[in-house]
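Trainee: Sequences listed follow chains U and F, in order.
To convert, note that position 42 of the first sequence is 281 in our numbering; the numbers rise steadily by one, no gaps.
To convert, note that position 95 of the second sequence is 334 in our numbering; the numbers rise steadily by one, no gaps.
Source of the hints: derived by calculation from the structure; they are not laboratory data.
Heads up, a few of these hints could be off.
Note: identical chains are not told apart, hence a pair may lie in one copy or across any two.
Below are the DMTMM-like pairs computed for lysine to aspartate or glutamate, each with C-alpha atoms no more than 20 Å apart in a straight line [to be verified]:
id, residue 1, residue 2
1, K312, D287
2, K407, D287
3, K258, E396
4, K407, D283
5, K331, E367
6, K384, D283
7, K407, E253
8, K331, E358
9, K312, E364
10, K312, D423
11, K384, D423
12, K407, E367
13, K384, D365
14, K331, E392
15, K331, D283
All values derive from a computational prediction rather than experimental measurement.
Number of protein chains: 2
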Amino acid sequence: MRRFIVVSNTASTEPFSLKDLPGSAGRMDVVVRCLNTAFFLSNDLRRDVEVLAVLLGPPDPPVTLRVVGAELKYMNPDERNIASLINHALMKGASEAERRSTPGIYISRRGFEDALSEEFILLDEDGEPWHGAPEVQTFLLGDQKGLNAEQMEYARERARRTVSLGPKHYHTDHCILITNYLLDRETLL
Amino acid sequence: MRRFIVVSNTASTEPFSLKDLPGSAGRMDVVVRCLNTAFFLSNDLRRDVEVLAVLLGPPDPPVTLRVVGAELKYMNPDERNIASLINHALMKGASEAERRSTPGIYISRRGFEDALSEEFILLDEDGEPWHGAPEVQTFLLGDQKGLNAEQMEYARERARRTVSLGPKHYHTDHCILITNYLLDRETLL
């Protein structure tokens, strides 16, 4: 199974307006597009992918959404639809114990360190170049501003490896798609 | 310069509601995401990219939007923002002569055949595998339903080559990102 851990230090931890994902929802649009690129194939969903979206924005962090491709329903590729599913989960509210919001979408109070409890690859521009599918297929990515200094130090110490998709600097959601594509190619060759 | 020609047989040719891009706007969300993946880098825009979005949906086709990275302003990566720029162009209205709507976005009455007046590569699942950057860097892609039979026949006859990004079937916007990524790697190596 492939896993993507997306950390957003700004994304809203309370329900938000679907009209203003970048502004009042704290760049929730980035998280939304990450779910698009993690799961969507043409007329299909990637059933072997799981995403942890760690939301650390105001007013009530941490909140973690766990999105499970094998169970996912009702998700369309447009931002407004995906955002409405996230909103639904935030309306349900996060508790210590993980709870299901809609099929394939779970919400809990887990935070950054909880998300890194298993082995992972840190995707970062300063990493070594991608040379074939890594031995671990859990990937950690920051949001539009990247991990903060403290998170980065914590992640670097624990990451199995740090890998760069280079040569350009890509958006987080684009990095997920590129990773999916590279793994598709290398797994099937 | 890289060029992407995106053909949508359903996308609205009149102003639409930003609340319903997939429905009443005829899958305008697909066109919008294609502009995202064509142009956005982290904190940067791809100035060497141009997109032709050929809109063939009701009520008044054809309309072609030409989006020029070198001149582009006011575009943010979220769907609602990009859609509002397209809406602005459609409100201005299309005439035979191309006119500028906002910086980098032009609208005209050009149609499918006009868009294929220069050499291009057809991106299609049935094509030959991608083996290095093609000699022509103009790429033709269909929308969520692909080109119709007549368009496909026209395109196949004129395409310099037909290339597949395989091995999976990707969304149109994802194909653009993968192509950008492959060209980034191969151009800089």
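Trainee: For this structure, which hints from the list above don't hold up?
Mentor: 3, 5, 7, 8, 9, 10, 11, 14 and 15
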